[in-house]
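Novice: Just need the whole structure built from these sequences, with the hints factored in.
Those protein sequences? They're chains E and U, same order as listed.
With full-length UniProt numbering applied, the first sequence covers 1 to 458.
With full-length UniProt numbering applied, the second sequence covers 1 to 93.
Since the hints were derived computationally from the structure, they do not count as laboratory data.
Keep in mind the model is a prediction, meaning the values are calculated, not measured.
Some clues are possibly wrong.
[What the hints assert, rightly or not] Below, computed lysine-lysine pairings styled on BS3-like, alpha-carbon distance capped at 25 Å:
{"hint": "1", "chain 1": "U", "residue 1": "23", "chain 2": "E", "residue 2": "405"}
{"hint": "2", "chain 1": "U", "residue 1": "23", "chain 2": "E", "residue 2": "192"}
{"hint": "3", "chain 1": "U", "residue 1": "54", "chain 2": "E", "residue 2": "192"}
{"hint": "4", "chain 1": "E", "residue 1": "98", "chain 2": "U", "residue 2": "54"}
{"hint": "5", "chain 1": "U", "residue 1": "55", "chain 2": "E", "residue 2": "98"}
{"hint": "6", "chain 1": "E", "residue 1": "87", "chain 2": "U", "residue 2": "54"}
{"hint": "7", "chain 1": "U", "residue 1": "23", "chain 2": "E", "residue 2": "172"}
Now for the letters of each chain:
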Amino acid sequence: MNNNNAKAKSTKLNNPRLKNTEGNSTKKINIKAALSLATSALLGTSVVASCATQAQDVDEWQFDSAFLLYSEVDRVSASEAIIAGTKTFANDEVLTLKLTIDALTGASANGAVAQPNAQTFTRPSGNGQYVTAAGETPLDDTFKDTRVQLNGQWTQPLTENITGSAGGHLSKEYDYLSLGINGNLAYDFNRKNSTISMGLSFFQDTFTPEGGIPKPLSSMLVGDSSASDWDTEFAKTRVGDSENKSTADVLVGFSQVINRRMITAFNYSYSMVDGYLTDPFKVVSVLNNDGMAQDYIYENRPDSRIKQSTFMQAKYHFDDSLLNTIADVSYRYMWDDWGISSHTIDTRFAIPVGRTSYIEPHIRFYQQSAANFYQPYIIVQQEKTVFVSADYRIGEMTSVTVGAKYGMTLNGGNELSFRLEYYRQMPTSSGFTEPEALQTQNIYPVVEAIIAQVSYSF
Amino acid sequence: MKTRHFPLNKLFLKKTVQFHQPKFKLTLLAVVMTSLSGCSSLGVEPWERDLLAKKAMALTSSPIDSALDDHIYFSKEASSGGKSFGGGGCGCN
Numbered sequence: 001m002n003n004n005n006a007k008a009k010s011t012k013l014n015n016p017r018l019k020n021t022e023g024n025s026t027k028k029i030n031i032k033a034a035l036s037l038a039t040s041a042l043l044g045t046s047v048v049a050s051c052a053t054q055a056q057d058v059d060e061w062q063f064d065s066a067f068l069l070y071s072e073v074d075r076v077s078a079s080e081a082i083i084a085g086t087k088t089f090a091n092d093e094v095l096t097l098k099l100t101i102d103a104l105t106g107a108s109a110n111g112a113v114a115q116p117n118a119q120t121f122t123r124p125s126g127n128g129q130y131v132t133a134a135g136e137t138p139l140d141d142t143f144k145d146t147r148v149q150l151n152g153q154w155t156q157p158l159t160e161n162i163t164g165s166a167g168g169h170l171s172k173e174y175d176y177l178s179l180g181i182n183g184n185l186a187y188d189f190n191r192k193n194s195t196i197s198m199g200l201s202f203f204q205d206t207f208t209p210e211g212g213i214p215k216p217l218s219s220m221l222v223g224d225s226s227a228s229d230w231d232t233e234f235a236k237t238r239v240g241d242s243e244n245k246s247t248a249d250v251l252v253g254f255s256q257v258i259n260r261r262m263i264t265a266f267n268y269s270y271s272m273v274d275g276y277l278t279d280p281f282k283v284v285s286v287l288n289n290d291g292m293a294q295d296y297i298y299e300n301r302p303d304s305r306i307k308q309s310t311f312m313q314a315k316y317h318f319d320d321s322l323l324n325t326i327a328d329v330s331y332r333y334m335w336d337d338w339g340i341s342s343h344t345i346d347t348r349f350a351i352p353v354g355r356t357s358y359i360e361p362h363i364r365f366y367q368q369s370a371a372n373f374y375q376p377y378i379i380v381q382q383e384k385t386v387f388v389s390a391d392y393r394i395g396e397m398t399s400v401t402v403g404a405k406y407g408m409t410l411n412g413g414n415e416l417s418f419r420l421e422y423y424r425q426m427p428t429s430s431g432f433t434e435p436e437a438l439q440t441q442n443i444y445p446v447v448e449a450i451i452a453q454v455s456y457s458f
Numbered sequence: 001m002k003t004r005h006f007p008l009n010k011l012f013l014k015k016t017v018q019f020h021q022p023k024f025k026l027t028l029l030a031v032v033m034t035s036l037s038g039c040s041s042l043g044v045e046p047w048e049r050d051l052l053a054k055k056a057m058a059l060t061s062s063p064i065d066s067a068l069d070d071h072i073y074f075s076k077e078a079s080s081g082g083k084s085f086g087g088g089g090c091g092c093n
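Specialist: Take a look at the structure:
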């Protein structure tokens, strides 16, 4: 925003005879102007012919962009790009449009446990097999997807103390479609030091995995996929092409300014998820008493889940003696009817460095208990359970994120920042005793990832 | 003596529970009321918002970072939301 003004001013100074409009017309159209015009065109709002008015309109858009690289050691890699445009209108109405594009590649744990010998699995599509070496955690390396997501949010004051907001969401992957809407009302009182808010959101997702939806608890077909009866046999392990899931969330929040240096927030949320909650790509190893794999069955999760959470956050602005650091500390407790409960502590300290930059160390600690149907494997004699999943993400786990962000304000007010973090997931046993063959195997492997991000606001 | 003491103890315990339950509720109510009415004395005047008005003091100071983090942790852990909607949105595994 300021960059444009600065450029316009300098042009005018160098060419005093030039009028403001001429100054703008000779100015090279920068990325921001182009994006603003493109956004206006998409929205159907009139792009005025007059350059002077155009410059004024253009200046009202603020853009935030980021590129993120998430890379796990020997597993998934994701790159994600975001651009969000925000425009404030005359009566404090705010429009935000956001485009997210991400690409995922790499290998993802398929749920089966490591064995003292090599293991062969059929790809989720049914087209071919992959082999996991002895002593290795089975990973499906065909994991690949590209996602495009669009978000729009309109926020406006409804009365002096009430603000309303409504938004829409669309996300499309090769095998996944998600549509969502949300609405939020916020009421300010006590000289706008206190705010109560309530929000509702609803998502409708459709999952169409390649190879179809596997029949829950059925055995994975392993064999020669070029055989003449392969397709017929594979089809017997499928129950359809697609499944749906709906998510309804209610969020009630309260925020309170404590004093000139401190603000706090408290949230309660209730979330109902219904439909297909199973992961069609995950299997569970069926082992004999010695711990040797006899079979792999497709996992099965309940078709509903109710999650609740409480969240509290405090931000504190220290004084000169602590370098005007801003501390941001939050805690979330989540629990659901699958038996999972979790604690999340997130802390950030934004420490100013000089006049125009800051460094922000970040530490996040997360711990969850296992879902009551989580089992790392099944012993063949065990009574057949209706629901079972060996997905470590719903097992007992602790994870830690440590990193820092460095940000600077450039000439003209644009902001540039870099973030580098290390994320470590440490799954643990929730009381399972390993049979003999598994005692030398790593059943709960650690997952490590690097998160690197560059952000630019203009 | 022993037989007399036992039921007396039991009675005493029962009474304590009966007495304490409403008392606890009353205390809880008092705490909630105090904290709610206390809110009106908390806060600042409009001219004292110099620090709170900073972008870095906003509850979500970097929405882009939050969105990216939410996506990562939604995909890798069993919890989501809390600060904002948990939502659906991707089949990201």
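Novice: Going back to the hint list, which numbers does this structure go against?
Specialist: As far as the earlier hints go, 1, 2 and 7 are violated by this structure, in ascending order.
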